[in-house]
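Residues 1 to 99 (full-length UniProt numbering) are what the sequence shown spells out, left to right.
What the hints contain is simulated information worked out from the structure, not anything from laboratory work.
Glycine residues also receive a C-beta, built at the ideal position from the N, C-alpha and C atoms.
Any given hint could turn out to be false.
What the hints assert, rightly or not - Each pair of labels, with its calculated beta carbon distance range: (1) G95 / N66: 16 to 22 Å; (2) D33 / R80: 16 to 22 Å; (3) C36 / G93: 29 to 35 Å; (4) D94 / N66: 15 to 21 Å; (5) R91 / C36: 24 to 30 Å; (6) A68 / D92: 25 to 31 Å; (7) N28 / E99: 29 to 35 Å; (8) D33 / D92: 17 to 23 Å; (9) R88 / G24: 23 to 29 Å.
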Amino acid sequence: MVAALLTTLPDAGHAHPGGLNAEGCHRNRKTGDFHCHGGGTRKAASGNGAVPRLYDAASGGGAFRNCAEARRAGAAPVRRGDPGYAPRLDRDGDGTGCE
């Protein structure tokens, strides 16, 4: 009985912070890399496969221009400390933008 229960528990050794988008993908908060779990694949942001541009360091610190851009990149929601986060994306100030 105990062995059966243990085999149904998720493997915590592979877990890391970051919520998944609809395709099962997310940006790892610690490393900044974007990857998918469970065989999901990242869909192209547009027909030509271009990824939305981020602000440059001088104009916006690397944050997404708006939530639509973050969603197209598969990064929404963005959390404080994530690449692409900016306070302007967090309307209610709870640390999570583009909810």
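message: Does the beta carbon distance between C36 and G93 stay inside 29 to 35 Å, or does it fall outside?
response: Check passed, 30 Å falls within 29 to 35 Å.
field: Beta-carbon spacing of D33 to R80 - inside the hinted bounds 16 to 22 Å or not
entry: Given range 16 to 22 Å: holds, Cβ gap about 19 Å.
query: Honestly, do D94 and N66 meet the 15 to 21 Å range at C-beta?
result: For N66 against D94, whose Cβ atoms are near 18 Å apart, the range 15 to 21 Å holds.
query: Holds or violated: 24 to 30 Å for the Cβ distance of R91 and C36?
result: The hint (24 to 30 Å, Cβ to Cβ) holds, given that R91 and C36 are roughly 28 Å apart.
field: Cβ separation of A68 and D92, checked against the hinted range 25 to 31 Å
entry: 18 Å, violated
message: Within 17 to 23 Å: is that where the Cβ-Cβ distance between D33 and D92 falls?
response: With Cβ atoms ~28 Å apart, the hint is violated.
query: Quick one: are G95 and N66 within 16 to 22 Å, going by C-beta?
result: 18 Å, holds
Satisfaction of the hinted span 23 to 29 Å by the C-beta atoms belonging to R88 and G24: 28 Å, holds
- prompt: When you take the CB atoms of N28 and E99, is the distance between them in 29 to 35 Å?
  reply: Hint violated: Cβ distance 19 Å, outside 29 to 35 Å.
The structure does not agree with the numbered hints 6, 7 and 8 stated previously, though it agrees with the rest.
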